[in-house]
Amino acid sequence: METLVADGMSPARVPTEGMSLLVLRDLTKRFGGLTAVNAVSFAVEEGSVVGLIGPNGAGKTTVFNLITGHYRPDHGQILFDDRPLAGLRTHRIIARGIARTFQNIRLFQRLTAIENVLAGCHYRMRSGIVGGMLRLPAQRREEREALDRALQELEFVGLQSQAAVLAKNLAYGDQRRLEIARALATQPRLLILDEPAGGMNEQETEALIGLIAQIRARGVTILLIEHDMRLVMRACEKLVVLEYGGKIAEGTPDQIRRDPRVIEAYLGAGDDD
Amino acid sequence: MNRLTLSVVALVVAVLPFAPLFLNTYQVDVLNSIGLYALLALSLNLILGEAGLFDMGHAAFYAMGAYTAAILNTHYQIPILWTLPLSGLAAGAFALLVARPVIHLRGDYLMIVTIGVGEIVRIALVNDVFGITGGANGIFGISRPKLFGWVIRRPEEFFYLIWGFVALTIFLFLRLKQSRFGRALNYLREDEVAAEGSGIDTDAYKLAAFGLGAAWAGMAGTLFAAKMTIISPESFSFWESVMLFMIVILGGAGSVLGVLLAAFLVIGLPELFRELAGARMLVFGLVMMVMMVVRPQGLWPAQTPRISLAALTGARKP
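Just so you know, the sequences run in chain order A and B.
Under our numbering, read the first sequence as residues 2 to 274, first letter to last.
Under our numbering, read the second sequence as residues 2 to 319, first letter to last.
No lab work stands behind these hints, which were simulated from the structure alone.
Note that beta-carbon positions come from the ideal geometry of N, C-alpha and C, so glycine has one too.
Possibly wrong hints are sitting among the right ones.
[To be verified] Not the full set, but computed from the structure, chain A residues with beta-carbon under 10 angstroms of chain B:
#, residue
1, F32
2, T36
3, A87
4, Y124
5, I130
6, Q140
7, A184
[Unchecked claim] Derived contacts from chain A toward chain B, CB cut-off under 8 angstroms, selection only:
#, residue
8, T69
9, T91
10, I95
11, R101
12, Q104
13, R107
14, L108
15, F109
16, E116
17, M126
18, G133
19, M134
20, R136
21, L137
22, Q256
[To be verified] Label-pair ranges, simulated between beta-carbon atoms:
#, chain 1, residue 1, chain 2, residue 2, range
23, B, A11, A, A172, 37 to 45 angstroms
24, A, E146, B, A137, 52 to 60 angstroms
25, A, G200, B, L169, 47 to 55 angstroms
Hey, can you work out the whole structure from these sequences and the hints?
Shown next as C-alpha cells:
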C-alpha cells in the first residue's frame, strides 16, 4: 500500500480530509415518504477498519448500497480517493477499487467455488468472444494468471480444498468466506462487508476476526456492518452509529460503548447474544 | 461424464460422418433438418441457457439471416455462402438494436418483448416491407452454394456443409463456455446483482449474448436459405421459436451436449413416427410436463465441475 500512500501525496490529489479513502458528505436517500438515510457524513481512513452499527432498519445497508451504486443518493456526496462516485454504475465503482459482500449471501450457487472467485478477476482481464473461441496464447496466459490469482484468494480464506465444490454445497460459514474471496479477487482498496458474521457460530466468528486482521494487513481498508458486538469491538478502530437513518454517534469502540445515546438506542435495546 | 456416455458420444461422432453412405436421401434430409435445428438451438442456448435471458423470438434472428442471404443472393448475385458473415452481422446488429431498450427487463417481461419482436418480423415479412421480401410468397431462385468449385445440391452434400458447421459451432462454443466471456454469461444467469457487484458490466454482456446468439442464428438462416432455395415467412413462425426454446430447456439449459440430444429427439423422433403425426403435439405437451416435474434440469444437464481439479493443481505449479 506504500504506493497508494505516495499517490495520495501527489499534487493532483491533495487530500482534503486527512488521509480519508472514503468520504460521505451529507448523504440522503428517500424511498417514497421514508428517509432511509438522512444527512449522514463520515469518513473512512485509509488502512483502517470502520464499523457501521445500529438497530435493524437504521439504514446501514442502504448506505452500503449508495456507496456501491445500487442506489443513487437524493442528496450529498460520496468521494472515494477524493473523486466522486455518484452516478457511476456498480461495475465501474468496483473497478475504482471498492468490493463488497452481501448481507444475504449472493454467490453464484450452481458454479464452483473457483468460478465464483474468478468473477472477481473478470474486470482486470481483457479477452472477449474471439479470444475465448480461438484460445490465443494471450488469452491462455490471462486465464492461467486469473486462475492462479483466484486460487490464491481461495487459499487466503482457507477454502483451497473446496475449489471444485459448487457454491451451494458449501457450509454456511464457508459461503461467507467465499464471498470475501470473490470480493478480494477484484483487488480492492476498500472492502465493504455486510454482516460478515451473520449466521456464524462462535468459532467461525473467531476465525473471521482473524481473517479481517489479515485482510487489513494486506493494506485493504475495511468498512463493515455487524450486529455481533464482540466482533465489532475487537475488529474495528472506529464505529459509526446510525439510528432511523441519521448518524447519532461516531468514535472509538470505547467512546461508543460509553455514549449515552448509543446505549439508549442500541445497546440498551437488548444484547444480541 | 462416465465411460458409458463417453463411448456412446464417441460412437455417434465416429458414425455420423458416414451416415450418408448407408442412409437413404430422405433420412439424410431429416439429419440435415436436425443439424439446422441443432445450430439454432445452440445459438439460443447462449442466450437462454448460458445467460439465462428468456428469448422466445429467436426465429426473428433466423429470419433476418435467411432473408439477408436470400436478398443479397437474388438481387446482387452474391454467392450464397459469401453472405454467411453478412447475414450473421445483419441478424446480430438487428438483435442489438431491438434488445438495447429492453435489456434491463427480467424473465417473463423480456420473454413477452421477444415474442413481440418475433411476430413483428414475421408480419413485416408477410407484408413485404421495403418491397424486397416478396411478401407471403417469399423469395425463390436462391442459387446453389458452391464450395471450392463444388456445387452443393444433393442432401448428401448439404449434410457435410450443415454438420461441418455444427461441428465447428460445437468446437467454438465449448471453448467459449470455458472462457472469461462464457463465465460472465453464467454469472449473470446465476445472480445479476452479484455479477454487477463483482465488476461485470451486466448490460454489456446481456447485449453481447443476444448479439452473438442472433448472429449465429442468422448464419443458420443462410444455410437454410441455401438448402431450400426458397424461403417464405411461414418458416419463421412463433412455433419455430417455441420449438427452439423447448429444445434448449428439454436438453438442459447451458449444456451443449444436452441441446444436441434434444435436437435429435424433438426433430428426429416425429419423423420416425410419421403415422402418429397427429398426436405429435399431444406427446410434446406431455413430455414437457413430465420433464418439468421429474427432471427440470434437462435430459443431459451441463457438467458441473467444469474446471477439473487436475487443472487447478496444474495452475499452481510455478
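Hints versus structure:
1. At a threshold of 10 angstroms, the smallest CB-CB gap from F32 (chain A) to chain B is about 18 angstroms, leaving the interface hint violated.
2. Taking 10 angstroms as the C-beta cut-off, the interface hint given for T36 (chain A) is violated, the closest approach to chain B being about 24 angstroms.
3. For A87 (chain A), the suggested interface contact is broken, since its CB lies about 17 angstroms from the closest CB of chain B, more than 10 angstroms.
4. Contact between Y124 (chain A) and chain B, as hinted, is supported at the beta carbon level, the nearest pair being about 4 angstroms apart and thus within 10 angstroms.
5. A hinted interface residue such as I130 (chain A) counts as satisfied when its beta carbon comes closer than 10 angstroms to some beta carbon of chain B; here the least separation is about 5 angstroms, so the hint holds.
6. At about 7 angstroms, the closest approach between the beta carbon of Q140 (chain A) and any beta carbon in chain B falls short of 10 angstroms, and the interface hint on this residue holds.
7. Nearest Cβ of chain B to the Cβ of A184 (chain A): about 8 angstroms, under the 10 angstroms cut. The hint holds.
8. For T69 (chain A), the shortest C-beta to C-beta distance to chain B is roughly 6 angstroms, which falls under 8 angstroms, so the interface hint holds.
9. At a threshold of 8 angstroms, the smallest CB-CB gap from T91 (chain A) to chain B is about 4 angstroms, leaving the interface hint in force.
10. For the restraint placing I95 (chain A) at the interface with chain B, the shortest Cβ-Cβ distance is roughly 4 angstroms, inside the 8 angstroms limit, so the hint holds.
11. Hint on R101 (chain A) holds. Least Cβ distance to chain B is approximately 6 angstroms, under the 8 angstroms limit.
12. With a cut of 8 angstroms, the hint placing Q104 (chain A) at the interface with chain B is violated, because the nearest CB-to-CB distance is about 12 angstroms.
13. Interface restraint check: R107 (chain A) against chain B, minimum CB-CB distance 4 angstroms, threshold 8 angstroms, status holds.
14. Of the supplied interface hints, the one on L108 (chain A) holds, with its beta-carbon coming within about 7 angstroms of a beta-carbon of chain B, less than 8 angstroms.
15. Hint status for F109 (chain A): holds, given a least beta-carbon distance of 4 angstroms to chain B, under 8 angstroms.
16. With a least beta-carbon distance of about 6 angstroms to chain B, the hint placing E116 (chain A) at the interface is held under the 8 angstroms criterion.
17. The closest approach between the C-beta of M126 (chain A) and any C-beta of chain B is roughly 5 angstroms, which is under the 8 angstroms cut-off, so the hint is satisfied.
18. Here the hint on G133 (chain A) is kept, as its CB sits about 3 angstroms from the closest CB of chain B, short of 8 angstroms.
19. Because the beta carbon of M134 (chain A) sits about 4 angstroms from the nearest beta carbon in chain B, less than 8 angstroms, this interface hint is met.
20. The criterion of a C-beta within 8 angstroms of any C-beta in chain B is met by R136 (chain A), whose closest approach is roughly 6 angstroms, and the hint holds.
21. Of the supplied interface hints, the one on L137 (chain A) is violated, with its beta-carbon coming no nearer than about 11 angstroms to a beta-carbon of chain B, more than 8 angstroms.
22. The interface hint given for Q256 (chain A) is violated, since its Cβ lies 33 angstroms from the closest Cβ of chain B, which is over the 8 angstroms cut-off.
23. As the Cβ distance of A11 (chain B) to A172 (chain A) is approximately 39 angstroms, the hint placing it in 37 to 45 angstroms holds.
24. Take E146 (chain A) and A137 (chain B): their Cβ atoms lie about 56 angstroms apart, and the range 52 to 60 angstroms holds.
25. Our hint of 47 to 55 angstroms for G200 (chain A) and L169 (chain B) holds, since their Cβ atoms are close to 48 angstroms apart.
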